Amino acid sequence: MTETILSVRDLGKGFYIHDRAKHVPAAEGISFDLKPGQLAALVGPSGAGKSSLLKAIYRTYVPSSGQVIYRTAVGDLVDLATAPETAITDLRRAEIGFVTQFLHCLPRLSTLDVVARPLLQQGVAREAAHDKAARMLAALAIPEQLWDATPATFSGGERQRVNIARSFTQGGRLMLLDEPTASLDPVARENVCAMIEAAKAEGAAMVGIFHDMALVERLADVKIEVQRKAFEDVA
Amino acid sequence: MKPILDVETLTRIHGPGCPACLDVTGPEHDTNICRHCGSVVAVAGASLRLHKGEVLGIMGESGSGKSSLVKMLYFDDKPTSGRAIFHDEGQAHDLFALNEAQQLRLRDMRMGMVYQNPSLGLNFDISAGGNIAERLLMSDELSYRAIREKATALLARTEVPPARMDELPRNFSGGMQQRVQIARALSTGAPLLFLDEVTTGLDLSVQARILDLIMELQEVTGVSMLVVTHDLGVVRHLTTRTIVMKHGRIIEAGLTDQILEDPQAAYTQQLVSSAL
Chain A
-13 MTETILSVRD
-3 LGKGFYIHDR
7 AKHVPAAEGI
17 SFDLKPGQLA
27 ALVGPSGAGK
37 SSLLKAIYRT
47 YVPSSGQVIY
57 RTAVGDLVDL
67 ATAPETAITD
77 LRRAEIGFVT
87 QFLHCLPRLS
97 TLDVVARPLL
107 QQGVAREAAH
117 DKAARMLAAL
127 AIPEQLWDAT
137 PATFSGGERQ
147 RVNIARSFTQ
157 GGRLMLLDEP
167 TASLDPVARE
177 NVCAMIEAAK
187 AEGAAMVGIF
197 HDMALVERLA
207 DVKIEVQRKA
217 FEDVA
Chain B
-19 MKPILDVETL
-9 TRIHGPGCPA
1 CLDVTGPEHD
11 TNICRHCGSV
21 VAVAGASLRL
31 HKGEVLGIMG
41 ESGSGKSSLV
51 KMLYFDDKPT
61 SGRAIFHDEG
71 QAHDLFALNE
81 AQQLRLRDMR
91 MGMVYQNPSL
101 GLNFDISAGG
111 NIAERLLMSD
121 ELSYRAIREK
131 ATALLARTEV
141 PPARMDELPR
151 NFSGGMQQRV
161 QIARALSTGA
171 PLLFLDEVTT
181 GLDLSVQARI
191 LDLIMELQEV
201 TGVSMLVVTH
211 DLGVVRHLTT
221 RTIVMKHGRI
231 IEAGLTDQIL
241 EDPQAAYTQQ
251 LVSSAL
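The listed protein sequences derive, respectively, from chains A and B. Quick note on numbering: the first sequence equals residues -13 to 221 in the working numbering. Quick note on numbering: the second sequence equals residues -19 to 256 in the working numbering.
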């Protein structure tokens, strides 16, 4: 029996807005377990806090309550909610990936470099990193003529595909997907689904948000319902 | 991750100082001027750890003490109290307990600084190549040829055309002056680099090139960096962790994406939400 890689226990996230003296709850009481090769889909209405949960797992948001127990490649159990920042940076470099909806990159890097970058940072040789990056870009149908150009000049959909190519080039034992298929055309969406399935088959665990319920049915092993929270004013 | 620099309760007070200075200044008093003695508390009780190969941002508005902090670490200024340990070549240097010669040696060989104002980091009266050579001469490099070759290579790496090597940096554009400064700072292979508002005042396109260059060099050399800036974009692109300062105090520290997307302190929330 394979061991659980991620165990989310009673995870909650709220924001305190000092300017307005207001507490804004985003999500509460979320618990689930995930084994290698499984995908958990966060489902619920817009504004329910699905993205906030994903960011709380990645520690872009500081969790307000609960635990995020992650089993590392060497078998240590780490609570991502409270682990030291340096532990989080190490895990992000080597084990945990995040596919955001937006791509930030500097204007000088070529698309191939942007995609290969996480591998280069892991110490993978330039040629091998570029090979893998090229395969991913090809799989996502980014025309080869564009690989030398910077993604800063690309359309929204192209940028998103570059971002996905980068995340899947890096891979990871745990991947967090924030609407990776939104705004993609049907062909690109199918390519991304194939990548997700391939990564799962290789043992990657994933937590994802999908706009399209058909994709949830197709890709998810676990469904996590997230409810919208009421606002409360704090004096 | 191994530490390269440990800063412990570093404090710098300009002026006579009095027992009340630290109690009546800081973010909660919204001032860094002591109302009893008029001293300016530039930095108070600042502690941080920089790891090997890490790029740490120090963010805050003008007068928050971020430059003052870094200037002390580079021996441009002396602290009123506090300690800093520089872990280098198997030794732990207690920076402010060293004598002046030892401090200068570290500054010339094992640390680098890139200032906002290139005239602070460069000698405008000698050529670009000469600026690099000057620093190399302080290390053990002695042959003219070796120095010239190394200077050419360094300038090429920071994208200063070799043809302009013998020109005075005062005639260069702001962006190129910064690139010469970076080449000079890197010339001795120092493991620790301080960057103080290096892109402030440059055109946006030039800023982006400098940031890209710094990032590339960091990846190739693995140099550890403290990056002082008020620019959220610089923090986002260069750093993995960031500390936020106000009125001489460190008020928040965290992963850079967390600081920018989920700031905890009231001041950081204001700072982040006021960005264009």
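Careful, some of the hints might be misleading.
[Claimed, not checked] Label pairs and their computed distance ranges (CB to CB):
hint	chain 1	residue 1	chain 2	residue 2	range
1	A	130	B	136	23 to 33 Å
2	B	254	A	121	36 to 46 Å
3	B	120	A	130	41 to 51 Å
4	A	3	B	-11	51 to 61 Å
5	A	53	B	32	51 to 61 Å
Don't read these hints as lab results, they were simulated from the structure. Given the structure is predicted, the values throughout are model-derived calculations rather than measurements. Just so you know, even glycine gets a beta-carbon here, dropped at the ideal spot from N, CA and C.
Going through the hints against the structure:
1. As the Cβ distance of residue 130/A to residue 136/B is approximately 30 Å, the hint placing it in 23 to 33 Å holds.
2. Between residue 254/B and residue 121/A, the C-beta spacing of about 43 Å keeps the proposed range 36 to 46 Å intact.
3. For the hinted restraint 41 to 51 Å between residue 120/B and residue 130/A, the CB-CB distance of approximately 48 Å keeps it satisfied.
4. At roughly 32 Å, the beta-carbon separation of residue 3/A and residue -11/B lies outside the given 51 to 61 Å, and the hint is violated.
5. With their beta carbons about 30 Å apart, residue 53/A and residue 32/B fall outside the hinted range of 51 to 61 Å.
The earlier numbered hints that this structure contradicts are 4 and 5.
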